[in-house]
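Residue numbers (the working numbering), protein chains in the order written: chain D, 140 to 235; chain X, 140 to 235.
What the hints contain is simulated information worked out from the structure, not anything from laboratory work. Please note: incorrect hints may appear among the correct ones.
[To be verified] Cut-off 30 Å, straight-line C-alpha distance, at most; resulting in silico cross-link-like pairs (BS3-like, lysine-lysine):
1. Lys234(X) - Lys180(X)
2. Lys180(X) - Lys234(D)
3. Lys205(D) - Lys180(X)
[Said to hold, decoys possible] So, partial list: chain D residues that the calculated Cβ filter (under 10 Å) puts toward chain X:
4. Thr167
5. Met171
6. Thr187
7. Ala189
8. Asp191
9. Glu194
10. Ile195
11. Arg197
12. Arg198
13. Ile209
14. Glu210
15. Thr213
16. Val216
17. Val226
This one's a predicted model, so the numbers in the text were calculated from it and none came from an experiment. A virtual CB, placed ideally from N, CA and C, is assigned to each residue, including glycine.
Protein chains: 2
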Amino acid sequence: MSEEPTKDQNVIYIGRKPVMSYVLAVITSLNMPDVDALVLKARGRAITTAVDVAEITRRRFVDTIKVDRIEIGTEEVEGMDGRARNVSTIEIDLKR
Amino acid sequence: MSEEPTKDQNVIYIGRKPVMSYVLAVITSLNMPDVDALVLKARGRAITTAVDVAEITRRRFVDTIKVDRIEIGTEEVEGMDGRARNVSTIEIDLKR
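Please take these sequences and the hints and turn them into a complete structure.
What follows is the structure in structure tokens.
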């Protein structure tokens with residue numbers, strides 16, 4: 140992976156860890172004084188996990204955290220067989 | 140299932156069928172003269188499928204179909220053990 144620009148400190152990539160570990164990461168981030176927004180990014184099967192993370196966080200902290208914007212897209216990734224295939228992506232913006 | 144109001148003819152529920160069968164349903168619906176918008180609804184693991192359906196449809200018909208609005212939510216469902224549990228939901232509005 141190449142070096143990310145500074146603002147990507149506010150991106151949480153959702154993968155295969157348990158949902159609650161991402162929820163904890165979101166809450167930790169949004170409790171930092173200089174962070175009032177962050178983006179959950181996921182692709183493929185992890186899209187469902189990203190929605191779970193957003194929903195669990197929002198429902199537990201209903202007064203302070205809002206889902207601001209949701210975008211979906213497609214990325215080309217290299218499959219196991221070396222051939223390119225498309226995978227869906229999601230970005231969920233959370234705001235404090 | 141109870142009888143649905145008329146506007147729910149424009150709702151496509153995404154479940155466990157192959158993605159392309161839903162894509163076909165979307166295209167068929169949006170080709171009808173009186174339909175210029177529809178909603179994909181999914182919950183749990185099918186959320187990823189719903190995003191796939193929206194993306195495949197949008198990319199194949201890039202000039203005519205747009206993703207208009209995406210909303211996520213939570214529903215309470217009864218689990219196998221009879222206890223209530225929460226499941227995440229998604230609604231994706233497609234417009235012609």
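Checked hints:
{"no.": "1", "hint": "Lys234(X) - Lys180(X)", "verdict": "15 Å, holds"}
{"no.": "2", "hint": "Lys180(X) - Lys234(D)", "verdict": "24 Å, holds"}
{"no.": "3", "hint": "Lys205(D) - Lys180(X)", "verdict": "21 Å, holds"}
{"no.": "4", "hint": "Thr167", "verdict": "21 Å, violated"}
{"no.": "5", "hint": "Met171", "verdict": "24 Å, violated"}
{"no.": "6", "hint": "Thr187", "verdict": "4 Å, holds"}
{"no.": "7", "hint": "Ala189", "verdict": "9 Å, holds"}
{"no.": "8", "hint": "Asp191", "verdict": "5 Å, holds"}
{"no.": "9", "hint": "Glu194", "verdict": "5 Å, holds"}
{"no.": "10", "hint": "Ile195", "verdict": "8 Å, holds"}
{"no.": "11", "hint": "Arg197", "verdict": "9 Å, holds"}
{"no.": "12", "hint": "Arg198", "verdict": "6 Å, holds"}
{"no.": "13", "hint": "Ile209", "verdict": "4 Å, holds"}
{"no.": "14", "hint": "Glu210", "verdict": "8 Å, holds"}
{"no.": "15", "hint": "Thr213", "verdict": "5 Å, holds"}
{"no.": "16", "hint": "Val216", "verdict": "14 Å, violated"}
{"no.": "17", "hint": "Val226", "verdict": "9 Å, holds"}
Checked against the numbered hints given earlier, the structure breaks hints 4, 5, 16 and satisfies all the rest.
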